[in-house]
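Model the full assembly from the supplied sequences, consistent with the hints where possible.
What follows is each chain in one-letter form.
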Amino acid sequence: MRKRSSWALPYFIFLVLFVVLPLLLIVVYSFQDNSGHFTLGNITKFFSDGDSLSTFALSIEVAIENTILCILIGYPAAWILANKQLNRSAVTVVLFILPMWINALMRTLATAELFNMAGIPLGKGTLLFGMCYDYLPFMIYPIYNVLNKMDKSYAEAAQDLGATPGEVFRKITLPLSMPGVMSGVMMVFMPTVSTFAISEFLTNNKIKLFGTIIQENINNSMWNYGAALSLIMLVIIGITTFLQGGDTEEAASGGTI
Amino acid sequence: MKDYIIDIQHLSKSFGDKKVLDDINLYVRRGEFLTLLGPSGCGKTTLLRMIAGFLQPDEGVILLDGKDIAGIPPHQRPLNTVFQRYSLFPHLDDYDNIAFGLKLKKTPEEEIDKRVRKVLKLVAMSDYEDRDVETLSGGQQQRIAIARAIVNQPKVLLLDEPLAALDRKMRKDMQIELKEMHKKLGITFIYVTHDQEEALTLSDTIVVINEGRIQQIGTPTDIYKEPVNAFVADFIGESNILKGRMLRDRHVAFIKHEFDCVDEGFGEDVPVDVVVRPEDIYFTTDPAKCQFKAKVNSCIFKGVHYEMWVDTDTGYELMIQDYDPYPVGSEVMLYIDPDDIQVMKKERRANTYPAKVIGYGKVEFLDTEFECDTEGFEEGDDAIATIRFEKVDLLDHDEDADLTGNVVFILYMGDHYHLTVKTETGENIWVDTNDIWDKNDYVGIKILPKDIQLTKPEKKDA
Amino acid sequence: MMKNRTRIFARIYIWLVLAVLYAPIVFIAIFSFTEAKSLGNWTGFSFQLYKNLFTGSMQNSSGLLSAVENTLLIALIASVIATMLGTIAAIGIYNLKGRKKNVMTFLNNIPMINPDIITGVSLFLLFVFLHISQGYTTVVLAHITFCTPYVVLNVMPKLSQLNPNIYEAALDLGATPAQALRKVLVPALRPGMISGFILSFTMSLDDFAVTFFTRGTIGLDTLSTYIYTDARKAGLTPELKPLMTILFLIILVVLLVINIRQSKNNNK
Chain A
1 MRKRSSWALP
11 YFIFLVLFVV
21 LPLLLIVVYS
31 FQDNSGHFTL
41 GNITKFFSDG
51 DSLSTFALSI
61 EVAIENTILC
71 ILIGYPAAWI
81 LANKQLNRSA
91 VTVVLFILPM
101 WINALMRTLA
111 TAELFNMAGI
121 PLGKGTLLFG
131 MCYDYLPFMI
141 YPIYNVLNKM
151 DKSYAEAAQD
161 LGATPGEVFR
171 KITLPLSMPG
181 VMSGVMMVFM
191 PTVSTFAISE
201 FLTNNKIKLF
211 GTIIQENINN
221 SMWNYGAALS
231 LIMLVIIGIT
241 TFLQGGDTEE
251 AASGGTI
Chain B
1 MKDYIIDIQH
11 LSKSFGDKKV
21 LDDINLYVRR
31 GEFLTLLGPS
41 GCGKTTLLRM
51 IAGFLQPDEG
61 VILLDGKDIA
71 GIPPHQRPLN
81 TVFQRYSLFP
91 HLDDYDNIAF
101 GLKLKKTPEE
111 EIDKRVRKVL
121 KLVAMSDYED
131 RDVETLSGGQ
141 QQRIAIARAI
151 VNQPKVLLLD
161 EPLAALDRKM
171 RKDMQIELKE
181 MHKKLGITFI
191 YVTHDQEEAL
201 TLSDTIVVIN
211 EGRIQQIGTP
221 TDIYKEPVNA
231 FVADFIGESN
241 ILKGRMLRDR
251 HVAFIKHEFD
261 CVDEGFGEDV
271 PVDVVVRPED
281 IYFTTDPAKC
291 QFKAKVNSCI
301 FKGVHYEMWV
311 DTDTGYELMI
321 QDYDPYPVGS
331 EVMLYIDPDD
341 IQVMKKERRA
351 NTYPAKVIGY
361 GKVEFLDTEF
371 ECDTEGFEEG
381 DDAIATIRFE
391 KVDLLDHDED
401 ADLTGNVVFI
411 LYMGDHYHLT
421 VKTETGENIW
431 VDTNDIWDKN
441 DYVGIKILPK
451 DIQLTKPEKK
461 DA
Chain C
1 MMKNRTRIFA
11 RIYIWLVLAV
21 LYAPIVFIAI
31 FSFTEAKSLG
41 NWTGFSFQLY
51 KNLFTGSMQN
61 SSGLLSAVEN
71 TLLIALIASV
81 IATMLGTIAA
91 IGIYNLKGRK
101 KNVMTFLNNI
111 PMINPDIITG
121 VSLFLLFVFL
131 HISQGYTTVV
141 LAHITFCTPY
151 VVLNVMPKLS
161 QLNPNIYEAA
171 LDLGATPAQA
181 LRKVLVPALR
191 PGMISGFILS
201 FTMSLDDFAV
211 TFFTRGTIGL
221 DTLSTYIYTD
231 ARKAGLTPEL
241 KPLMTILFLI
251 ILVVLLVINI
261 RQSKNNNK
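In order, the protein sequence lines correspond to chains A, B and C. Under the numbering used here, residues 1 to 257 are what the first sequence spells out, in order. Under the numbering used here, residues 1 to 462 are what the second sequence spells out, in order. Under the numbering used here, residues 1 to 268 are what the third sequence spells out, in order.
Do not rely on the hints blindly, as some may be mistaken.
Keeping only pairs whose Cα atoms sit at most 27 Å apart, straight-line, the calculated DSS-like set for lysine-lysine is [said to hold, decoys possible]:
(1) A:Lys171 x B:Lys121
(2) B:Lys243 x B:Lys289
(3) A:Lys152 x B:Lys155
(4) A:Lys152 x B:Lys18
(5) B:Lys105 x A:Lys152
(6) C:Lys233 x A:Lys206
(7) A:Lys149 x A:Lys84
(8) A:Lys124 x C:Lys233
(9) A:Lys171 x B:Lys118
(10) B:Lys302 x B:Lys439
(11) A:Lys152 x B:Lys19
(12) A:Lys171 x B:Lys106
(13) B:Lys256 x B:Lys293
(14) B:Lys346 x B:Lys256
(15) B:Lys114 x A:Lys171
(16) B:Lys106 x A:Lys152
(17) A:Lys208 x C:Lys233
(18) B:Lys422 x B:Lys243
(19) A:Lys171 x B:Lys105
(20) B:Lys256 x B:Lys295
(21) B:Lys289 x B:Lys256
(22) B:Lys391 x B:Lys456
(23) C:Lys37 x A:Lys206
(24) B:Lys391 x B:Lys256
(25) A:Lys171 x B:Lys103
(26) B:Lys450 x B:Lys346
(27) A:Lys149 x C:Lys158
(28) A:Lys171 x B:Lys155
(29) B:Lys183 x B:Lys155
(30) B:Lys103 x A:Lys152
(31) A:Lys84 x B:Lys19
(32) A:Lys84 x B:Lys18
(33) B:Lys456 x B:Lys422
(34) A:Lys152 x C:Lys158
Computed far set for chain A versus chain B, every beta-carbon distance over 10 Å [said to hold, decoys possible]:
(35) Val28
(36) Leu40
(37) Asp49
(38) Tyr75
(39) Gln85
(40) Arg88
FYI, nobody ran anything at the bench for these hints, they're computed from the structure. In this text, a Cβ means the ideal position worked out from N, Cα and C, and glycines have one as well.
Pasting the structure below:
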């Protein structure tokens, strides 16, 4: 058995080369100017640039709104799907997670086309609506997983102690399903902040999100500023992961696809 | 009207095709410690869940204080449950788990605090109120689960195998504590277990359940000393269960010897079953006292007593428990007190099934076609098929078998085994055999034509 | 016991959300059967777009078919390598202890937590830094990077279910380590490897951001990047509509089959 622990070595080298080193490079490039000298200019540029700051604020705002919207729509759906008395069919569950497996750009494009056809002008409203389309399954799935695996006897015990069905939900089911909600938040919030193509499609380039300015800077060979913007996003990821407890994978991966 | 807190009448429940409870009639006295005892799958937990309100009966009523509680949801029933795996809420600490029910009832904060502290003291967990439930040991979780239920002062406390997950030593300690708690609180306990020792230790009343039916209700002493049938005798404690014959009142024959006993009213020369507990067979050196002789064939030390198997001079094997060992191979003289012989009416003497004659020499019962002598019957006639226990052959394969089944119950009768075999259609066939089978063995069942006796059914309208 | 009203309300809610979720896909599917360029413009039923797609005779964009080809090939190569790398890594990590195990688990989590854009930008900087010209190889490497953690995650639970002695038992019975691996370990881990592979494959198919940053400037297009450029250019290539419809149907069938098989296995 001892020898087999060395089987982790190739992957360790791979991770260092393709995960750790690239992330370090983001940090290095952030603090360099074009000619490779140390500078804080990229960071100060972001904090003094009104456009970047407002895009950043808008991205956070859209991400928060989208996350809340996904919870509000997704939680009841996940609860119904996990409730054996309300839903007996596994097919319904598959139907809900199926969109997760379809190319996001295709779906977004289709959504945008649908808005066009209905004559709805593209803007912040359509952006939120379309984002919610895209990310709703990512919210429903982890919540469903946690609810589905939850020991039924907790609810019975609460009922036994005098809780009405409403109280069982508020005092037992909801708090016990919070890990699922947190995973859902992780799977919706950060991707929303960082999307670029999706927001462009859904607003016809009228609204830029943070992901878009990173992409524009990198594409226009302003690597150092692009890296600095990425670093800022990394910091946010670090903070959210820390707040969330860092235990995303369990709810996100378990169970049937 | 007696002081019954719970009165259960004609209660039945099925899950799909399977009848898990069949016509249960039971009352529970106010303040008593009642145990539902039976092997796993006998329906005892289903019964408890129906009392708690998690399941609805198909038929029958449950009266609480004389009122039908059918329509009352679990959260409005004045009962509380201690669950099998405790089901403590993992997101709350011990204190909040216990206070859960009281907070729902909007009890004033001060009173909650007082009552929670009181029950914590009662379950000897005073220092643990702020602990996370997941950091507690099994025994400690169990105490919190009990505290969480009794703090609400329920009329009845339901306990669903609460000690099953604990180790033996812890289980013994908790049994004593539960018994004391019951005395102190004065509320009615309904306790579910499959552990007969636990039931005998704790209960005022034991209800023995098997295959969805109540077998016997009585005090632990009643159940132990006077089991009503072979199942109860076998399930509760160790016993020698033997075929016997009631010669006349106070006189019974078994193992080919005659004994005095205290039972009366069976009639003369009637086949019966006899139960003798292994600790009730005594050794003697006095030839005048000796009722029969035997040879010791094994002797094992069991911690407190020795367990010995002896072969009687008439060819039966008996189990004896005694504080003194006798060497293997030694000849011993034995006697049994009349008081210690428990005579039971035979539940059945042979397998009988309603049958239909389907042609010359052909009859159908147990959903299977058999050949047999149909002399005196016409095609289409109803009949009763009788097969003696020892005439049923069991095979370890299903080739040439008439039908198949599983061994569900095994009883050693001193010189042969009495098996209950459940067929695939759920009927029971009883078999006497010298072969050794194990519980749950899959067997082929073979009955020879000459061993099937057909009789005319009794006419109901006559 | 549940009230009937709740049941009806729940059903309506579920179907309403599903209807909204599927509306765009259904509209695309419907309008794949007409020739009009813009959605919602019905010019009569026609299989023309499907014909064009399969014969490759598209008016303005011959790149679509090669994009599909690239997408499938990249997904296949990346997920095969990720499955092998991830399985070996999972066995290694499973046998690690203490601090080393925690470090590996932490590193393995990073690509899963990182948004695509960070993975893309960071790998872009790596390739620039190492002066590796970007193209097919870099895209495949990038895809392996974000796929492998999911393989590890899927194989790990199978390892903990595994009896730790079966590998030794195989050796004891005379198998060489390679035989023991092939005949004992791999069959036991296969379900985890398969779900890891499927997950990798679909994620690779789905990826846009990482490909976008690592494909370089040689004009390599996957389906996602093709759609992106296409949509920015002039509006949708009409043949995308039948393509989306077909892909959607394939995924629907595959997922349903997998799930029905799984629930059957669970019932056994």
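Evaluated hints:
no., hint, verdict
1, A:Lys171 x B:Lys121, "holds (26 Å)"
2, B:Lys243 x B:Lys289, "holds (23 Å)"
3, A:Lys152 x B:Lys155, "holds (25 Å)"
4, A:Lys152 x B:Lys18, "holds (23 Å)"
5, B:Lys105 x A:Lys152, "holds (23 Å)"
6, C:Lys233 x A:Lys206, "holds (16 Å)"
7, A:Lys149 x A:Lys84, "holds (12 Å)"
8, A:Lys124 x C:Lys233, "holds (22 Å)"
9, A:Lys171 x B:Lys118, "holds (24 Å)"
10, B:Lys302 x B:Lys439, "holds (24 Å)"
11, A:Lys152 x B:Lys19, "holds (24 Å)"
12, A:Lys171 x B:Lys106, "holds (14 Å)"
13, B:Lys256 x B:Lys293, "holds (12 Å)"
14, B:Lys346 x B:Lys256, "holds (18 Å)"
15, B:Lys114 x A:Lys171, "holds (22 Å)"
16, B:Lys106 x A:Lys152, "holds (25 Å)"
17, A:Lys208 x C:Lys233, "holds (18 Å)"
18, B:Lys422 x B:Lys243, "holds (22 Å)"
19, A:Lys171 x B:Lys105, "holds (14 Å)"
20, B:Lys256 x B:Lys295, "holds (16 Å)"
21, B:Lys289 x B:Lys256, "holds (18 Å)"
22, B:Lys391 x B:Lys456, "holds (21 Å)"
23, C:Lys37 x A:Lys206, "holds (24 Å)"
24, B:Lys391 x B:Lys256, "holds (22 Å)"
25, A:Lys171 x B:Lys103, "holds (11 Å)"
26, B:Lys450 x B:Lys346, "holds (25 Å)"
27, A:Lys149 x C:Lys158, "holds (18 Å)"
28, A:Lys171 x B:Lys155, "holds (25 Å)"
29, B:Lys183 x B:Lys155, "holds (14 Å)"
30, B:Lys103 x A:Lys152, "holds (22 Å)"
31, A:Lys84 x B:Lys19, "holds (23 Å)"
32, A:Lys84 x B:Lys18, "holds (21 Å)"
33, B:Lys456 x B:Lys422, "holds (26 Å)"
34, A:Lys152 x C:Lys158, "holds (26 Å)"
35, Val28, "holds (43 Å)"
36, Leu40, "holds (45 Å)"
37, Asp49, "holds (44 Å)"
38, Tyr75, "holds (17 Å)"
39, Gln85, "holds (13 Å)"
40, Arg88, "holds (15 Å)"
Comparing the model with each earlier hint shows no violations; every hint is respected.
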